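**Student:** Take a look at the letters that make up each chain.
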Amino acid sequence: MDALLELLKTNARLSVQELAVMLGQSEGEISRRLSQYESQGVIKGYAAIIDDSALDPDYVAALIELKVTPQSQSGFDEIARQIAEYEEVESVRLMSGGYDIIVSVTGKDIRTVSRFVAEKLAAIDAITSTATHFELKSYKKNGVMICDKETDERGIISP
Amino acid sequence: MSRDMSKLLNQTAVNMKPSGIRRFFDIAQQMDDVISLGVGEPDFKTPWKVRQTAIDTLQKGRTCYTANAGLKELRQEIAAYINKTIHTAYDPDREIVVTVGGSEAIDLAVRAIVSPGDEVLVVEPCFVCYAPIVEMCGGVPVSIETKVENEFRLTAEQLREHITERTKLLILPFPNNPTGAVMTREDLEPVAEVLRDTDIFVLSDEIYSELTYRGKHSSIVELPGMRERTVVVNGFSKSFAMTGWRLGFACAPRYIMEQMLKLHQYCIMSSPTTSQYAAITALRDCLPDTVKMKNEYNIRRRFVVDGFNKLGLTCFEPQGAFYVFPCIRSTGMTSEEFCERLVHTKRVAVVPGNAFGECGEGFVRVSYAYSVAHLREALKRIGEFLEELGESK
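Here the protein sequences come in this chain order: A and B.
When we follow my numbering, the leftmost residue of the first sequence carries the number 1, and every step to the right adds one.
When we follow my numbering, the leftmost residue of the second sequence carries the number 1, and every step to the right adds one.
Keep in mind that the hints were calculated from the coordinates and are not lab data.
Predicted, not measured: the structure shown is a model, and the values here were computed from it.
C-beta atoms are modelled at their ideal positions from N, C-alpha and C, and glycine is treated no differently.
Hints may contain errors.
[Unchecked claim] Restraint-style ranges between C-beta atoms, simulated for each label pair: (1) A:V16 - B:K147: 52 to 58 Å; (2) A:V16 - B:E189: 40 to 46 Å; (3) A:S26 - B:C267: 42 to 48 Å; (4) A:R32 - B:E387: 30 to 36 Å.
[Said to hold, decoys possible] BS3-like, lysine-lysine: derived pairs with alpha carbons at most 25 Å apart: (5) A:K137 - B:K147; (6) B:K147 - A:K149; (7) B:K60 - A:K149; (8) A:K9 - B:K45; (9) A:K9 - B:K292; (10) A:K149 - B:K7; (11) A:K9 - B:K294; (12) B:K49 - B:K17; (13) A:K149 - B:K168; (14) B:K60 - A:K141; (15) A:K44 - A:K140; (16) A:K141 - A:K9; (17) B:K17 - A:K149; (18) A:K140 - B:K45; (19) A:K140 - B:K292; (20) B:K17 - B:K168; (21) B:K60 - B:K49; (22) B:K17 - B:K7; (23) B:K72 - B:K262; (24) B:K49 - B:K346; (25) B:K45 - A:K141; (26) A:K141 - B:K49; (27) B:K84 - B:K216; (28) B:K49 - B:K292.
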């Protein structure tokens with residue numbers, strides 16, 4: 001991956017000026033490349049990596065496998081878009097293998113997520129079955145370790 | 001009263017000064033929450049494949065001594081690696097030894113070459129071990145002080161000025177710790193030209209050879225007339241983030257290597273077996289990992305050089321290793337004063353330049369083997385330190 005994208009992936013707050021220094025390019029060049037990535041849809045946005053469970057211990061995340069009957073005109077697309085509209089849904093992906101669509105959902109507690117699956121997802125006609133997996137602990141997110149803070153085992157000074 | 005036998009100890013050892021780093025280490029060690037920029041080792045973990053190989057061989061119980069010179073397979077990999085990187089062929093059976101870190105390789109080379117009274121040219125600022133080892137051999141270390149205006153490279157004139165009829169060995173440490181200086185082929189050629197008319201040996205310490213940021217590393221051994229007088233030292237610590245594995249190597253013509261091997265055989269037997277197996281994997285499969293680490297260091301290097309220059313601590317752009325060497329003379333302090341006050345008031349540890357030789361006075365060594373977030377915080381604190389210093393003047 002382009003070094004510019006690598007840098008932004010783990011720290012979207014780096015300024016154009018800092019990126020220019022780090023990559024040995026001019027600020028103009030960096031701005032131009034960023035706009036290009038944005039207009040091409042490579043960069044979709046600049047977001048913080050948030051460990052929600054650190055904010056609220058009751059917070060839950062779940063992955064829900066869906067089996068879906070494809071529609072005659074749109075295949076899976078229309079159903080997937082419909083699911084993606086719900087604000088509880090973090091991501092929606094069409095998959096190969098034993099099920100068709102995987103949805104990641106977050107909620108303030110288990111009941112909220114369960115209700116969402118039972119009342120919203122299962123209610124969609126084309127969805128023939130759901131399997132909900134609750135996340136127990138998250139270790140890495142967006143390429144960043146979020147479990148324990150790693151300590152530097154090196155000494156303070158060495159030759 | 002118990003006998004005082006301390007006078008009977010080897011007086012060269014007794015008189016040896018502890019490393020200048022040590023003293024500052026003791027100061028920094030006593031403090032909490034120090035943000036360090038003082039470490040001379042990678043912050044990356046050893047590539048997983050290398051660790052996996054070590055685990056596998058341990059599970060299989062491959063834990064005996066190896067051949068004195070090291071596993072044949074490893075020596076063959078080293079020969080291939082050296083041939084590919086610095087275009088010099090060594091016989092894996094007679095011209096390569098696997099050592100306990102680059103440090104042992106340095107020790108072996110100096111002890112194999114230097115006799116009492118011999119002068120050894122030490123290009124400073126440099127890693128801390130050369131002069132003490134020379135002294136233990138009864139040799140006389142002679143400093144050659146490189147200069148910031150030459151980007152801390154050795155010049156042919158400087159070399160010529162320091163050669164006497166007693167000069168036996170030149171120690172050439174590039175890419176350099178602490179300055180980050182490198183010597184290109186064009187820089188090395190005039191140095192080699194001075195040496196060609198002499199009987200001076202060369203110890204080329206190339207432990208940072210994988211970490212060069214403008215073109216590939218060049219070794220003096222590649223130049224005509226140099227191979228027969230040169231010991232090349234390298235290792236796994238910096239290139240593969242394997243400091244704790246303690247594994248390095250030396251390549252030298254057979255007549256030198258025979259002596260080094262005897263010393264190695266009597267004091268070490270053979271280097272750690274697990275590390276040797278792991279190192280085979282490093283050379284075979286993990287060179288792409290070193291490139292990744294280098295690219296990451298390069299990002300930090302640009303960030304830190306820019307940061308110091310903006311703070312007004314001028315910093316030449318180092319092209320190797322993972323150190324920058326900013327000049328702190330504008331503060332009016334000595335290197336040690338600067339470091340001590342910085343660690344006391346802002347809890348940031350950098351190493352006084354004079355710990356690496358007198359000519360390092362007026363500079364500090366800053367390691368960028370840290371994350372960008374860590375470096376940013378440290379630079380911020382150094383900025384505050386300088387600001388408060390300016391206010392108090």
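**Student:** For B:K49 and B:K346, compute the direct alpha-carbon distance and say whether it is at most 25 Å.
**Tutor:** With a Cα-Cα distance of about 39 Å, the restraint between B:K49 and B:K346 is violated, given a limit of 25 Å.
**Student:** Holds or violated: A:K44 with A:K140, Cα cutoff 25 Å?
**Tutor:** 21 Å, holds
**Student:** For the range 40 to 46 Å, tell me whether the beta carbons of A:V16 and B:E189 fit it or not.
**Tutor:** With Cβ atoms ~41 Å apart, the hint holds.
**Student:** Verify the proposed pairing of B:K17 with A:K149, using a straight-line Cα cut of 25 Å.
**Tutor:** 38 Å, violated
**Student:** Would you mind confirming whether the straight-line C-alpha gap from B:K60 to A:K149 stays at or under 25 Å?
**Tutor:** Status violated; Cα separation ~34 Å.
**Student:** Could you tell me whether the CB distance from A:V16 to B:K147 stays inside 52 to 58 Å?
**Tutor:** 36 Å, violated
**Student:** Going straight from one Cα to the other, do A:K140 and B:K292 come out at no more than 25 Å?
**Tutor:** Judged against 25 Å, a Cα distance of about 20 Å means the pair holds.
**Student:** Please work out if A:K137 and B:K147 have their alpha carbons no farther apart than 25 Å.
**Tutor:** At roughly 55 Å apart (the allowed maximum being 25 Å), B:K147 and A:K137 break the hint.
**Student:** Does A:K149 lie within 25 Å of B:K147 when you go C-alpha to C-alpha?
**Tutor:** Violated: B:K147 and A:K149 sit about 41 Å apart, past 25 Å.
**Student:** Is B:K17 within 25 Å of B:K168, Cα to Cα?
**Tutor:** 23 Å, holds
**Student:** Is it true that the C-beta distance of A:R32 to B:E387 lies inside 30 to 36 Å, as the hint says?
**Tutor:** Distance hint for A:R32, B:E387 holds at roughly 35 Å.
**Student:** Is the straight-line distance between the alpha-carbon of B:K17 and that of B:K7 25 Å or less?
**Tutor:** Holds: B:K17 and B:K7 sit about 17 Å apart, inside 25 Å.
Hint check: violations occur at hints 1, 3, 5, 6, 7, 10, 12, 13, 14, 17, 24; the rest are consistent with the structure.
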